Amino acid sequence: MEWEVVIGLEIHVQLSTKTKIFSGASTAFGAEPNTQACAVDLALPGTLPVFNENALRMAVMFGLAVNAEIGKRSVFERKNYFYPDLPKGYQTTQLAEPIVGPGFVDIETDDGVQRRVRLHHAHLEEDAGKSLHEDFHGMSGIDLNRAGTPLVEIVSEPDMRSSKEAAAYARKIHAIVTTLGICDGNMAEGSMRCDCNVSIRPKGEEKLGTRTELKNINSFRFIERAIDTEVARQIDLIEDGGTVVQETRLYDPDKNETRSMRSKEEANDYRYFPCPDLLPVIIDDSYIEAIRETLPELPDARRERFISEYNLSEYDAGVLSAYSAQADYYEQVVKLSGDTKLSANWVMGELAKFLNQNDTDIKDSPVSAEQLGGLLVRIKDNTISGNIAKKVFELMWSKGGTADEIIEAEGLKQVTDTGAIEKIVDEVIANAEKQVEQYKAAEPDKRGKMIGFFMGQVMKATGGKANPGAVTGILKQKLDALCD
Amino acid sequence: MFDKTLAELAQGLERGDYSSTELTQAYLQRINALDSRYNAFITLTEEQALAQAKAADEARAAGNGGALCGLPIAHKDLFCTQGVRTSSASKMLDNFVSPYDATIVSRLKNAGTVTLGKLNMDEFAMGSSNESSFYGPARNPWNTDCVPGGSSGGSAAAVAARLTPAATGSDTGGSIRQPAALCGITGLKPTYGRVSRYGMIAFASSLDQAGPMAQTAEDCGMILNAMAGFDPMDSTSAERDVEDYTAKLNQPLAGLKIGLPKEYFSAALDAGVAEQVRNAVAEFEKLGATVKEVSLPNTELCIPAYYILAPAEASSNLSRFDGVRYGYRCDNPVDLEDLYKRSRGEGFGTEVKRRIMVGAYALSAGYYDAYYNKAQQIRRMIQQDFVNVLNDVDVIMGPTTPKTAFKLGEKSSDPVSMYMEDIFTLSLNLAGLPGISVPCGQSNGLPVGLQIIGNYFAESKLLNVAHQFQQATDWHKQIPAGVEV
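Chains as they are written, first to last, in numbering that gives the first Met the number 0: chain A, 0 to 483; chain B, 0 to 484.
These are computed hints drawn from the structure, not numbers from a lab.
Nothing here was measured: the structure is a model prediction, and the numbers come from that model.
Careful: at least some of the hints might be erroneous.
[As the list claims (entries may be wrong)] Below 27 Å or equal to it, Euclidean Cα-Cα: the simulated DSS-like pairs (lysine-lysine) are:
#, chain 1, residue 1, chain 2, residue 2
1, A, Lys78, B, Lys373
2, B, Lys373, A, Lys129
3, B, Lys352, A, Lys78
4, A, Lys433, A, Lys445
[Unchecked claim] What the simulated footprint calls covered on chain B by chain A, stretch by stretch (three residues with Cβ under 8 Å from a Cβ of chain A suffice, anywhere in the stretch; the number is not a length):
#, stretch
5, 48-62
6, 139-145
7, 194-205
8, 228-235
9, 300-314
Glycine residues also receive a C-beta, built at the ideal position from the N, C-alpha and C atoms.
Start from the sequences, fold in the hints, and give me the full structure.
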């Protein structure tokens with residue numbers, strides 16, 4: 000049977016406010032356990048929440064960026080359950096009246112599938128702390144630094160039909176929140192976490208199959224792999240005559256399998272009710288419009304501009320605009336180099352390769368946009384060749400310095416002096432009798448390819464510094480003269 | 000000296016009749032000597048009190064003393080006090096020493112008051128008799144076989160026994176007014192939002208309100224002056240200017256329009272209480288007020304609505320007491336579930352557990368609309384009833400409680416009859432309105448309280464009306480037999 004995959008995502012985005020959503024404690028990542036948890040975060044008796052207006056502003060920015068209705072009245076509710084890293088015994092969240100109503104984003108996968116994914120809503124809530132099970136024998140430690148960090152939970156409709164679409168959607172949300180500057184986008188530190196609701200149904204069937212929820216996936220790659228693994232499991236299960244049970248499952252990237260965490264029957268009754276410690280959040284049109292004025296250019300608009308203004312291909316424009324830090328970097332390189340295509344090739348090519356290999360975010364790149372721009376300028380003005388530029392880039396990455404400093408220090412300046420090149424070409428030809436004979440014997444239309452050998456010899460002799468264009472011309476001229 | 004009001008003691012300090020240190024020592028001695036009869040205090044803070052008194056004397060000598068500087072008071076034990084046990088009268092918090100001061104505690108400290116100690120109460124403010132306290136019941140100074148009322152029973156008993164000139168209390172369904180009535184003192188529940196709730200251990204967040212308890216309305220006004228006002232730490236506190244609550248005490252009452260709700264004078268009302276309340280109303284007529292009958296038609300719905308909403312909020316508010324971070328933890332938990340179940344099972348008393356279960360039930364899936372939502376609708380109806388009546392009259396008057404103080408143990412096996420104690424008081428919490436209870440007579444040797452209800456933020460008016468009554472009567476000056484002053 001042919002199966003259709005149905006996926007909906009719930010994405011938790013950590014807002015980059017300085018302080019927590021309901022207290023004045025810092026939200027910075029990586030502090031000593033419990034040093035960033037104040038009386039409110041510890042849920043000491045008598046403490047009360049005060050809503051951080053910055054979190055509201057950021058949620059409204061998000062809503063506007065995904066074409067959503069903004070809730071002019073939103074209400075915090077308490078989601079009641081017991082867990083050691085949930086200090087109050089309830090999570091303050093939004094349910095019936097969220098800050099962001101229905102909206103949508105358009106996505107495109109690597110293989111060109113385009114789709115509009117509808118958002119059911121997005122709501123504000125507080126994060127929980129962390130339980131640390133490894134460090135304490137027979138006990139668990141609790142770190143409440145993260146407790147009260149503001150989150151926006153973005154709930155999509157079940158509109159995605161493949162793991163690739165799910166990953167593309169997650170990337171799009173990532174691009175939007177980083178462009179807006181409301182999230183640092185650092186998935187390894189948990190700034191964006193994803194729950195995937197996955198079900199299958201026979202192709203053509205309207206009714207949704209029973210879904211499972213894959214919890215807390217923190218990379219785009221794992222989203223794809225977890226969904227593929229879960230879909231395969233569901234298909235095997237059903238084709239073997241079984242049924243899918245509604246449950247929460249955990250994806251184990253090491254074993255590439257999903258396993259059951261808890262079933263629907265074990266699910267809590269969360270006893271939601273409006274939080275009596277917080278007033279309903281009421282905003283008006285002028286508040287919303289003032290925020291709309293501050294919105295930066297969004298990824299879709301930037302992509303269009305990259306195509307029209309920079310003449311980039313749709314693919315290049317899509318890749319470069321998908322992450323705001325990368326798009327900013329690219330535009331800075333363009334500004335310096337004056338060459339949109341060359342800049343795109345380098346940002347998506349050599350730079351991306353080094354970033355990937357070293358697992359480095361472009362924001363932390365050891366080679367700045369200024370450095371790379373300076374390098375491209377030297378390619379453009381023929382000071383160095385593209386190949387030498389790669390060598391310069393490698394040195395830049397490992398040791399720092401401007402392109403000019405490295406070229407100077409390493410003596411990599413390209414030889415464009417025709418006299419000097421001619422001298423070397425003559426030597427190369429004189430030392431390669433056999434190859435010259437073969438060249439002469441060849442059909443004229445095959446000779447072009449044979450120039451490669453001589454080219455290699457010249458480059459070897461000059462340490463790669465000879466201008467390739469000049470060398471080709473001189474070689475061709477001298478060799479062809481021998482043939483006449 | 001112990002018969003003196005806060006205002007009179009302030010004059011004595013001002014005149015130099017005694018220092019704050021002498022005053023504080025005298026009260027501490029008195030508490031040590033007499034409190035075994037009343038069990039009004041959970042914790043005495045002698046060292047802190049004497050240090051505060053010394054500082055107050057110095058401030059006064061330097062000419063920096065305000066109206067409350069150097070005056071001793073005591074706090075209900077649900078207000079967090081830095082460095083001092085704050086128990087909410089629960090085994091759960093018997094070991095909890097607060098690292099911070101509640102907003103009202105710091106405001107009263109800044110005003111120069113001296114904190115004698117922490118006062119007994121019903122556990123987590125849940126009760127009308129003070130019998131649910133982990134530290135045993137406080138007793139009514141008028142008859143120590145009787146309850147002082149609750150939940151601010153220790154506060155009322157301490158003021159009535161003249162162990163402190165004034166105290167703080169909190170009122171979620173009558174917890175200031177009912178014990179004030181039963182102990183023959185004056186107690187004010189302000190408008191919801193008038194006084195910060197930050198640092199007050201929550202029972203039911205949308206109903207809780209802190210207020211003053213003292214011998215007189217004037218004293219209550221003096222304390223409210225320090226307590227009231229917007230607090231950025233409490234989102235539900237009102238961003239509204241604070242009046243001088245003692246400034247209008249002496250305005251004459253000629254032309255005051257009083258409404259008497261017919262529902263408050265029903266068959267459930269004790270005849271002796273009804274008589275004293277009617278006498279009090281007659282006194283107001285003598286002062287120039289006019290009286291008319293009004294109707295609060297949904298009065299009987301108050302109790303069912305309240306006993307859904309208050310427990311619902313409480314069930315969530317008390318979830319933080321889980322044995323993980325502070326407070327009581329059971330011995331040798333075998334796993335997380337065991338830790339939760341036994342810590343909470345052993346740490347909470349019967350009434351608290353009853354309300355947590357009722358509240359959790361009312362909020363659970365499938366029952367929410369039938370209970371919680373319905374109760375919220377009733378709450379709005381009750382509020383509207385009051386708004387309608389208060390468009391027509393200046394204040395509403397009636398009995399604070401249906402009966403005078405009852406015997407210890409009399410109602411402890413019958414929670415519903417205990418809940419009926421609050422029939423006249425808890426509608427104000429549902430509506431968010433201010434109310435004051437003043438002593439207005441005695442029935443069978445026990446005090447009767449008159450409740451005066453005003454419009455939102457009309458605390459000044461309530462204190463004025465109560466003060467004028469106290470200028471004309473001396474019920475507030477009655478001291479229980481056996482309480483030597």
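Violated hints - listed by number, lowest first:
The structure conflicts with hints 2, 5, 6, although it agrees with all the remaining ones.
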